[in-house]
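Chains A and B supply the protein sequences, listed in that same order. Each residue of the first sequence is one higher than the one before, counting from 1 in the numbering used here. Each residue of the second sequence is one higher than the one before, counting from 622 in the numbering used here.
Hints listed in this document are in silico derivations from the structure and should not be mistaken for laboratory results. Glycine is no exception: its CB is placed at the ideal position from the N, C-alpha and C atoms. Keep in mind that the hints are not guaranteed to be accurate.
[Unchecked claim] Label pairs and their computed distance ranges (CB to CB): (1) B:P1093 to A:R556: 50 to 60 Å; (2) A:L4 to B:L666: 33 to 43 Å; (3) A:F22 to B:R818: 51 to 61 Å; (4) B:R917 to A:L14: 34 to 44 Å.
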Amino acid sequence: MIVLASLVALLPFLAAFAGMLFGPSLTRLLGGRSGGRAAPVRNGPALIACAPIAVSLVLAAVVAYTVWRDPGERTGMLTVIETGSVPIRVGLQVDGLSAVVALMVCCVALAVQVYSVAYLEGDRRYSSYAAFVSLFTAAMLLVVYSGDLLVLYAGWEVMGICSYFLIGHHWEDRANSRAAVKAFLVTRLGDVGFLIGVLVLGVGAGTFEIREIVRTAADLPGSTVTAAALLLLAGVAGKSAQFPLHTWLPDAMAGPTPISALIHAATMVAAGVYVVARVFPVFEAAPAALAVLGIAAVVSMVGAACAALAQDDLKRVLAYSTISQLAVMAAGLAVGGESPAIFHLLTHGAFKALLFLAAGCVIVVAGSNMLAHYGGLRHGMPITFWSMTVGLAALAGVPPLSGWFSKDSVIEAAQHTAIHGGEVAGAVAWLVYLGLLLTVALTAAYATRTWLMTFFGEPRGSYEIREPSKFMSYTVAALAVPAAILGFFGLGAAELRPHVGPALLSIVLLAVGAGGAFLLWNRDPALDPARALGPARPVFARAFFVDEFYDAAVVRPVRAVARYVVVLDRSRVDAAVTGTGRGALRLGERLRVPQNGNAQSYLTGLLAGVVVIVAGVVILL
Amino acid sequence: MLAIPLAGALAMLLPANWFLRTDFAVRAFGTAVSGATLLVAISALTAFDFGATSRMQLEVDRQWASAIGLRFHLGVDGISLPLVVLTALLTFLCFLYTLRHPPEGGRIRLLTAMLLVLEVGMLGTFVALDLVLFFVFFETVLVPMYVVIMLWGGTGRREAAYKFILYTLLGSGFLLAGMLLVGATAGTLDMTELAARHGAGLTRGVQITAFALMGIGFAVKAPMWPLHTWLPDAHTAAPTVGSVLLAGVLLKMGTYGLVRVALPLAPEGARFWAPWLGLLAVIGIVYGALACLAQRDLKRMIAFSSVGHMGFVLLGIATLTPVGVNAALFGNIAHGLITGLLFFLAGSVKDRWGTTDMDALGGGMLGTSPRLASILTFASVASLGLPGLAGFWGEMLALLGAYRPHADLPRETFVTFMVVAALGALLTAAYFLRMLAKLTHGPADGAAVRRGRETRVPAAAVSLQEYAAWTPLIALTLLVGLWPKTLLDVTTGPVRALLGGG
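Same shape as in the complex, but just chain A (with noise of 0.2 Å):
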């Protein structure tokens, strides 16, 4: 059991490595060019990377299976590492959250290498690409799997590199290069507050096994508890991409599609939201902890679906929705709702790739992301217009597609405790409340707009409309089965049911949203409906400035303290110390002076000194 979750987890590290060495030797072996156009079966990177997980997809499924046919959780520990103090023990622990998520990163990653394949096809650098794919779904599966915090925080790590490394993919160009070394810099700025709650976890447990620091929670110290919630939270807010630390996620789009699909959308930027619930326990001993989630959840929902409303990229609309609906699954967990949040994200994992994907589909098409060189495209890409629809569909929760489902548990939750009470204050309770009945509207809105301006009303792009490769479209459909079904996983727990209030009210919601925005864009489907918006679409569009005010407040003063400290460097520390050798020289100068080998002068210096002795011993004794 263990051993298979292991395997699950060390399969496509090895391909990482595999493919890095041997990838482009491989195909020549095979009989294909190398960095030319191989066909599938003999592209060797293609084969090292698609393989193993597919490998791994199977395992984690009996796994899976195992733990839903005999619940309760199995750990298994390779060693011990002495440090002195707390130990780390490596090892691994599967239950039932464990063994779900696992088998959903592992579905989405052999859909997003099967689709790279056609997607980065003919890319000289596609070898390195396979192989850090695959190493970052082995850090997931680490991350996923993993019965100890510490090695949690590696596998956490490793995946950052991962995305920075495939973020700046087309290194070629700066921008590119610029969102890779924010994503990965605002994400280390989260995890140094991440590293710091563990350790203080651990040591006030005694140990980094997170079944332990489960089980002792309750007892530990309330301020050790509230502090170590609130720095892990700092790391959750970085990695999810939640406010404050959000920013980097709409730039990190700069990377190829695919990428944005399985480290953006589905997998690395869920695992904030993975780990609050794997260490649900400390957060429920530490209510201002919760109390702070469920505040940045709200600011992140509302905030990022605005500016969802705005954007003019179809990936950063995408990208604001995935920060909307982290922010959802966040506020689940705030009010309390742990297997609602687990559930939004599982169904958001599904529909958010197929979203991508689809999308990476029509960016090859129409060679662009801008909405407004869509339109219209309905007619040529029948596959991908009925996937990005139910995708579509499922984001803004339309019945009976997954998100509706997800979604409603979540609301129904924040319901609950906000009327009945719970961990969590109950003002926060409140405010988490209305902020998902005012999300809901709102997704409703921006979801129905990118439908509308991508697929119907007349071409405004003078490129040919047709089914990109197969490779791509038929895993978009693929994809779209889940994003449709999974919701219906749900009816088998009670707490996961929806219920007909709750339901109601968010279907009125949603007919309001998605209405507005038809209506407006019915009145001139060549416009973008975004207009209504009036003096509020730059503010929207630019995300509420807060890059500009990070950039002000944070990047230009230490770049300017860096100077400072070179200059300072140069003519204070380091003068100081050639000015002591300086000042050595010249008292040496000043020293040489009676030495001048007069014997004379040396004479008078020997008299003189015999007056001041005995001057001094006949005046002192």
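Put chain B on the given structure of chain A with help from the hints.
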């Protein structure tokens, strides 16, 4: 182990027409000698009993100058063993690299001799168990390093070399005074015996003075802020092999000395000075990182990054906990591997494009020289402390130690240090990524392209010798990073013994 490089160095004194006529033969000879030393070091590794890491093993103990009680006492335990192997490995790799890429300035015979003497001094420092012997070896490295910088250095080598030797000699003066103070008061110069006493027999005042004196001596070497200014100059001016050994091994002698000599000999002094040591270490971390952020020269940047990394090592020591000292030892090894690799790479960049100025080098190295740029990326990522690579564990353990320092130390102060140090680690990531973005990303412009256009030859691919010198470092960085147990198991035992029980 010491005899082989010493004999090799002496052989270099033979006139050229008797022995090894060509330069290449000399270089091959140096490689062979250091290779043999490495083999001895590895056999020491196999002979070492890992069941008793805290016991001194493979000891040599002879009378040396009996009139003043000096003994020729050598031995290794879990603290010194990794450093000994690292030293032998790095020296061997340096010779291997020199086979194909000798530094400009000729006189290979002298260079070989100097590097071998340097190796004697470095190895000796790590195995010496007598205070005076330790000091002798500690000083032995100065002159060869001075000569290496002076004769084969780049621009500004004269000042850099002067600064290096004066600075470190000054430090050594303090060190000697501190050691003699301890030796004279305690009546023995044997380090194992002194360590076993844990400061018994020394008054508090003596311990505080002795620790301060020895601390300054080691802090110059480490280097600790604000005594670091010799380092960037020396690194920038030194030839590649000089920089590698300087960063890879010489800096470790300072922190090793703190752990091996200053901590066990004067534990009360350590407790008195630890908060100050921690403060300076943390300033070093942030200061080094900020200095790197605005640096234009690649070699200078890596040099300043050493200040930051050694700050983590010093912070670990300052916590006076087993985990902190473990962190320091781990950080030593990791920094030796990674920064050694980085300096090798900077040397290769200079070989190819004639400059290490980042603006002049321009971007796009991943396009013009993909292998070199990939290895540079790997080394930078390792250096910024990515888990799974060597750099992370030292930093993480230092932070862990600072979160719960020794019971006698002010906890709040150290928790503050921890937070500042962690933010310093963020800045470390920032400057490495800035460097990578500047050099490896973007369109190819700058020196790489210009040189290619002028000479019509593309930049040389990574040579076999370069691969040979780098692959072991990359492999070890991965091994130690993925399986930190290899190193921690060796050091934990002696560290606990060193700090008394624990």
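>> Of all the hints numbered above, which does this structure not satisfy? Sort the numbers upward.
In response: 1
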